[in-house]
Each structure stands twice: as structure tokens, then as C-alpha cells.
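Enquirer: Here is how the chains run, residue by residue.
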Amino acid sequence: MTGLARVLDAMQRQGVDVLLLGREPNARFVSGAARLFLAGERAFAPGCVVVGATGAVHLLAVGDAGMPSHVPRTNLYPISWNPGSLMAEIARMPSVAMARRIGVDGLTPLFERLIEASFPAADLIDGEALMRAVRRVKSDDEIATIRGAVVVAEAAMQAARGRARAGASEPEVVAAAMEAMALARVTTASFEPRVRRVDGMTAIDVGVLLDGCEGGVARTEPGSEQPAEQRDAIARCVVGTPAAEVAPTGSVHGIGFGYEVLESEAKCEAGMVLSVATGVVRDLVLVTDGAPDVLTTAPYA
Amino acid sequence: MSAPVVAGVRNAATGRHSPLRVLHSVRGARPGMIGQMVTVHPRVREQMNAFGVDVVVLCGENNVAYATGTIAPSQEPGRAGATRSVALISRDEHVLLRPSPLDLVDNARELGRALTDFPGVVAIDEYPSLPVRDALRGRTPTDASTLLARAKIVKTGTEVDLIRRAQRINELAMDVVRPLAVPGASQCDLTSAFFRAIFELGATGNTVDPVWDIVPPELAQLSCTLTGHLPFPVPSADRVLADGDVIFNDTGIDLQGWASDFGRTWTVGRAPTARQLDQFDRWCAVLNTCMAAIKPGATAADVARAATEANRGERPWFPHLYVAHGLGTDSAELPFCGTDLGPAVEDQIVLAPGMVLVLEPVIWDDGFGGYRAEEIVLVTDDGCERLTDYTYAPYTSAPVRSATA
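Chains as they are written, first to last, in our numbering: chain A, 3 to 303; chain B, -3 to 401.
In case anyone wonders, no lab produced these hints; they're calculated from the structure.
What follows is a set of in silico ranges between Cβ atoms, one per label pair, in the way DEER data are often shown:
{"hint": "1", "chain 1": "A", "residue 1": "Val296", "chain 2": "B", "residue 2": "Val341", "range": "53 to 61 Å"}
{"hint": "2", "chain 1": "A", "residue 1": "Ala168", "chain 2": "B", "residue 2": "Pro175", "range": "23 to 31 Å"}
{"hint": "3", "chain 1": "A", "residue 1": "Pro74", "chain 2": "B", "residue 2": "Asp102", "range": "36 to 44 Å"}
{"hint": "4", "chain 1": "A", "residue 1": "Asp295", "chain 2": "B", "residue 2": "Pro175", "range": "43 to 51 Å"}
One side of the interface only, derived from the structure: several residues of chain B facing chain A at Cβ under 7 Å:
{"hint": "5", "residue": "Arg75"}
{"hint": "6", "residue": "Asp99"}
{"hint": "7", "residue": "Glu122"}
{"hint": "8", "residue": "Phe195"}
{"hint": "9", "residue": "Thr203"}
{"hint": "10", "residue": "Leu222"}
Even for Gly, the Cβ is constructed at its ideal location relative to N, Cα and C.
Here chain A stands alone, though its shape is the one from the complex (with noise of 0.2 Å):
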């Protein structure tokens, strides 16, 4: 099922007639538009929205470039400097005036008026916590997709240590790091690499966009072998442990479209993918049905 098929199965199920998105990824997930990427959150602003009664994703947009082929032309809407405007042109989607249920994945003081007001019959509901359902497990294209990002944050784990390894300064192993990511053909990071002087070695954490999909990956230079506690931490993502137990001193997020939050009761189900990080180290891990599918193939040492 694409993302577009899946959220539109979760809005059935749970009565929501529209989603606006303010969120990049969550647009890139339901509809796998490629806008410029910027970096940074930002406030609230519908830039995507879903109709449940037609199905159909609208984007905004200034032309189709990026723009994926099953959105037709007449659903990309225009920039307006003007929230009212902005409003007033989602209002004259089909089926969206008589929305009473709509989703929202953030807001604002200003949209909330504006939302109040054109749709005063209607109840908001938190398309986040919908959108976060949904994205916590992954599509096989999805994992074909992180498992190529992984790649590319690869090479630039390789150039940085490489850099490193010359007595390079912190901000030219972050330089070298993202040279690599861009020779690669991806110019999106999904943060830029994080370098620091641990005990004598330099710890580096990368993190790459392909296609909106996040590949990782943290390693030290010089390195050493795996540490027990990571292998035990990895060993642990299978089905069923509690997230917060898979590395309790460590850190453990969701991956997907980017960072994914887990709710503190969340449970390693097959087909997450987890960001796992104990120490200096970090690893992507694909739950699966049986053992743990490591993503990350860098060497440690």
C-alpha cells in the first residue's frame, strides 16, 4: 500500500474527513512530493491536504518540478503571502467545505482562527498522532529507500574519518563529511555531522535525506571493536521489547521520513526501523519477524 493508500485507510477508520499538514515529511510521505528542501521546523501552514472523500492529495507548489505524477496539475494550489487567502483557496477543494473532522499536524494562534472560521462546524483532531501511526512501519520501498540513504551516509562516515584520521580540525571533518554526502548525489542532510573529541578519538554522527528517507550512522576514529553494550542494545530489537528498554542509557528514535518520535509505550514491532545509540556509536536497525536486520554495515574499528 502506498502512504497515500495508508493514510487514507487510518482517516476511514477514524472519521477524519481532512488533513491539513503543515509537515514536511508527512507531506513527502503521503503524497512523495519533492519541495526544496529547507532546513529547520517552522510554523505551522498547511501546505498539503488530504480529502477523504475523494481521496486525492493537494499540494502547494509554484510548478511540477518535484511534483509526483499522480497528483494531477489542478491539485497543486498557489503561495499566497495571505493565510485568509491561503484558507479561502483550500475551503474551494472538493469535499473539504463540509468537513466536520479535520486533522491537523501542528497550528498556530492565527490558523486556528482562520480554520475556526471557515469551517465552524468542525472538530480539530491531532493528524500528528494519525501521521505517526501510520509512518511507524515501514513499506518495503521504504526500507529499499533507507537502506540506500544508508549507503550514502556511509560515505560520508568513510570521508570524515578519513579526514579525521589526517588530524583534521572539527569543522573540516564536518566539511569533508558533507563534501562526500553531496558527491554522492544527495544534498539533503537530515542533520549535519556532528563532531567532537571523546577520549581522545573524534566522534562523528551523520545523517543523510534520500528521497525524504533517512540513512545514519555514528562511529568514532580512531575505532574500536563493537561495543557490548551496542551489540546487546541491537540484539534487544525484536519484536515485542518496550523501545525504552533497547537501550536505557543510550538514545532510541523511530527512522523513517526523517526522525520518527515513539510514544513511551511503544513496542518493537516488525518493520520499524530504529535509530540505536549507546555512547559514541549508532546503528539503524530494521525489527523484523526474527532477528534483528542490522542497516548499518560501517566498520566500528
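Since the structure of chain A is provided, determine the placement of chain B on it from the hints.
Expert: Using the frame of chain A, we list chain B on its own:
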């Protein structure tokens, strides 16, 4: 300095994991007293008084950076949202929090409880999630975005200096990239060189996927436009440059929370034609007319009017954007000149010393392409001065200032 009085900390004292990590808390402290600790920007407190707001809740990373000096790393939106800092600012106290992800109801409620230590009228810049809106609903927050925009619109000397330094790094990096923009090179090749250069030169972050748009000579060659003009910018697609291509570039970096903004037009493999040089001359005329209009007391709409007049009545900018925008902790912020908000709204923004504007006129001759570049100016006591200091090569070999003298 006082002990933090926040719900999350009380819970930590009981041994339970706290979803709210207090990065620091200051009560009644003056900037000079707190050393490394961030202070609240005095312009934020000025505007709180002006708007009659007792407590400001800041969740937007560029607002937190402006108000407290706490800089978020450059990262994709999901990670940035999940790892954000939140500032609670009253008139004599502030707390900077690193909450667990505010998408989750329990964490949003914890933020609501933290706010109970801050009585009075609340304004918020954005709700990170609907659970945060619900958790703060009892306080009926007003919109802090106008208050913040009014504070941010005028820069201090230190802030102007950071913008100037950010721009210098951006420009030096473009010196590295420019010779590489030759037939056969790909857009990713240019980006790769740009990334290496900015980080070696000391950039804190890259803020936009670098734009090297290959511009068609006529709009009819486009498969689609929603603006009636050139769709710009478009996402990177790793196209290979060919002899005779015209590139509109647009890049931006972050230096300690402050943004640069760079734009030029380059021809690939050949010198500009007479027609292209004429486009550049007309662009210079628009730029000079706008710069002559920019002075204290002029309005944002005056800048757009000057640009239109200099281009014989036709608006020389992309209709979905503007002829000028402000620059600060956001790469585009108030004032905006020439948006679809219209002159009635933009006439209410009066220019004042310390405002920073990025002028980005576009000259377009359909069938023959066009010229676009960006020029940052600082509003001074009696006019404006350039912060951009970069050549227009290959359209001129002269240094920047004589090119438009």
C-alpha cells in the same frame, strides 16, 4: 538567579524521569551577571510591554534563537521539531526548556504545568502540536508572532555584524564554486564544493538545499507554472550544465543563528550576450532606484513602487515572492516588499535604521530569459548601505560598487 520553579524539575526530585529538562532558569538577572548563560533580548521585553503581554511562550527555533541566543543545529524538520527548545519568558524571569517530544500528550501537559509558574496574559508563537494547543487552552494564548516580528525587524550592531560575517562566508564559498560552473558539471558538483567551503570557512549550518536553477529562455518551455512566471526556486535535480545555460543561484548559510542570503546569475561556457548584458543593466537600474528609495520613513510598499517605476511600470519580481524581504534569524522575515498582501498592508511597515533588506529584483524578457541577483542592504540614518560585497561576473568584470555606480 533562582532555583528553577518548573513542574518537570519537581518531578525529577521525586526520582521520576522528567519530560522537561531545564537548560537554565533566570529570575531578575541582568545580562552582565550571568556570564555564559543566555539572556532575553531586550527588544522582546520592550514589545511584551508594548503589547501588554505578561508571558511569551516561544516554540519556533528561530524565535528561541533570537530571544535567548540558543541556536538549534541545522536539521530536517521532524528532528528539529522533536528536539526543540522552548522558552518561557515573563517580564523579569525566563526558563529555557528542552522538553521530550511535544507531539505526545503527556509531554504537552507537562509544558502546560510548567506555564502555571508564569501568571498573566500569555502569547505563543506556534503550537508544535495539537496536544500543546489543548494543554495551554485554559490560558487562552494570544498570537506572539506580531510581537516577535516587531522585535526582530530592527537589528543591533552586533547582529548586523553577524549577518555581514555570514554573508562573507557565503560569498567566499561562491568564489570556490563559480569556476566550477562549466559545461559538463552537475548541480551536485557545485553543491559539494559549496558545502566543503562553507564549513571550512566556519559556517554553523546550511539552511537551504543550494539552488542552481537552469533557467529556460521562455516560459512556454515549462511544463507547468502556477504563478504565471518562472517557478523559482525548484528542488535540486542534479542536472548537468550545458554550454549557453543561464543559472539563477540562491544559497544561504547560518552563522551562530544569523542568516546569509546570496543570489547571482551566471552564464555557462560563454560570456553574456548583448541582450543579456542589457538585462543586467536594467536590473542595476531597478536596484539603484530601490536603494535610493530605502531610507528611514519610507514604507515597505515604497520599495515595491520604486522597483516598478524603474522597470517602466512592470513589476520586476516573481509574483509569488517579493522584490525585497527582511533578513535576520530567519532567511526571509519582515519587512516584505511587493507580496500579494498588497500596498495597503505594506504601507504600514515604516523603514527604520537597523533594518536589513534583501533586494531581489528579476528582469525577464520572455523568449530571452532574464537576470536575477540579490543584494543585502542595511537601513542607515539617512539611506542604506550594502552588506553584500560580491562581483556580478560574468556580467561585469568590475568590482561590485562601480558596477552600479
